[in-house]
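Undergrad: Assemble chain B onto chain A, guided by the hints.
These protein sequence lines are chains A and B, in that order. When the letters of the first sequence are read in order and numbered with my numbering, they come out as residues 6 to 118. When the letters of the second sequence are read in order and numbered with my numbering, they come out as residues 2 to 114.
Read the hints as simulated data drawn from the structure, not as lab findings. Fair warning: there could be bad hints in the mix.
[Said to hold, decoys possible] Quick list of in silico lysine-lysine cross-link-like pairs, DSS-like style, CA-CA up to 30 Å:
1) 72(B) <-> 24(A)
2) 72(B) <-> 57(A)
3) 57(B) <-> 24(A)
4) 69(B) <-> 46(A)
5) 109(B) <-> 57(A)
6) 109(B) <-> 72(A)
7) 69(B) <-> 24(A)
8) 72(B) <-> 72(A)
9) 109(B) <-> 46(A)
10) 109(B) <-> 14(A)
[Said to hold, decoys possible] Which residues of chain A face chain B? A few of them, derived with a C-beta cut under 7 Å, are:
11) 47
12) 48
13) 50
14) 57
15) 59
16) 92
17) 95
18) 111
By construction, the Cβ of each residue, glycine as well, lies at the ideal position given by its N, Cα and C atoms.
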Amino acid sequence: DTAVSQTPKYLVTQMGNDKSIKCEQNLGHDTMYWYKQDSKKFLKIMFSYNNKELIINETVPNRFSPKSPDKAHLNLHINSLELGDSAVYFCASSQVGRGGEAFFGQGTRLTVV
Amino acid sequence: DQQVKQNSPSLSVQEGRISILNCDYTNSMFDYFLWYKKYPAEGPTFLISISSIKDKNEDGRFTVFLNKSAKHLSLHIVPSQPGDSAVYFCAASAQGGSEKLVFGKGTKLTVNP
Numbered sequence: 006d007t008a009v010s011q012t013p014k015y016l017v018t019q020m021g022n023d024k025s026i027k028c029e030q031n032l033g034h035d036t037m038y039w040y041k042q043d044s045k046k047f048l049k050i051m052f053s054y055n056n057k058e059l060i061i062n063e064t065v066p067n068r069f070s071p072k073s074p075d076k077a078h079l080n081l082h083i084n085s086l087e088l089g090d091s092a093v094y095f096c097a098s099s100q101v102g103r104g105g106e107a108f109f110g111q112g113t114r115l116t117v118v
Numbered sequence: 002d003q004q005v006k007q008n009s010p011s012l013s014v015q016e017g018r019i020s021i022l023n024c025d026y027t028n029s030m031f032d033y034f035l036w037y038k039k040y041p042a043e044g045p046t047f048l049i050s051i052s053s054i055k056d057k058n059e060d061g062r063f064t065v066f067l068n069k070s071a072k073h074l075s076l077h078i079v080p081s082q083p084g085d086s087a088v089y090f091c092a093a094s095a096q097g098g099s100e101k102l103v104f105g106k107g108t109k110l111t112v113n114p
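Chain A with its partners taken away, still in its complex shape (with noise of 0.2 Å):
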């Protein structure tokens, strides 16, 4: 029973292309956030949502918009796919007033060719 699903694990895509990633929770955790990690192992965060409110964006690109339907489920979607977004997309959620402890997804590595 996973705390933190998302899907796909693999995505392989050209550039141009519109992808989406779906992530959920089932922890009853009131915060979902957005991870990359880079080629050079740096996880940085992307997102974050509290209870569907957009409260962190890292200066990341427009062409990456989360969308949260409901508090237990954060999708990444992105337009018009770079080389440069080829990465590990980690989902997360965390209760608040935990310091930020977060559970982790799985990742998805999205390769652009």
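TA: Just chain B now, kept in the frame of chain A:
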């Protein structure tokens, strides 16, 4: 501008010995520190945390030490086991803020049988 630094990309220890992983930070606003463990092709898993009001937190074989004046924390694993082999990420957050996690680059620990 790395606010959280893990200067050792890798560490190798013998089974049964102590593993010490180090982390430095620069942002004085950080008041909550966490360690995550990551296996290949999986998301980071929360290991242990410490609030800035403490200087030590222990959980079984894992102990985290915080030296606020030096802006330094360390994770001790005693005794080390082969199953501890993974990448360990240090992370920090500011509880009064957005609670986003700022990660270090990670240290790959290898525990040799």
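Undergrad: Each hint: holds or not?
TA: Status of each hint after checking the structure:
no.	hint	in the structure
1	72(B) <-> 24(A)	violated (41 Å)
2	72(B) <-> 57(A)	violated (35 Å)
3	57(B) <-> 24(A)	violated (44 Å)
4	69(B) <-> 46(A)	holds (26 Å)
5	109(B) <-> 57(A)	violated (35 Å)
6	109(B) <-> 72(A)	violated (34 Å)
7	69(B) <-> 24(A)	violated (43 Å)
8	72(B) <-> 72(A)	violated (37 Å)
9	109(B) <-> 46(A)	holds (11 Å)
10	109(B) <-> 14(A)	holds (23 Å)
11	47	holds (6 Å)
12	48	holds (4 Å)
13	50	holds (5 Å)
14	57	violated (16 Å)
15	59	violated (11 Å)
16	92	violated (14 Å)
17	95	holds (5 Å)
18	111	holds (5 Å)
This entry does not satisfy hints 1, 2, 3, 5, 6, 7, 8, 14, 15, 16, going by the numbered hints stated previously.
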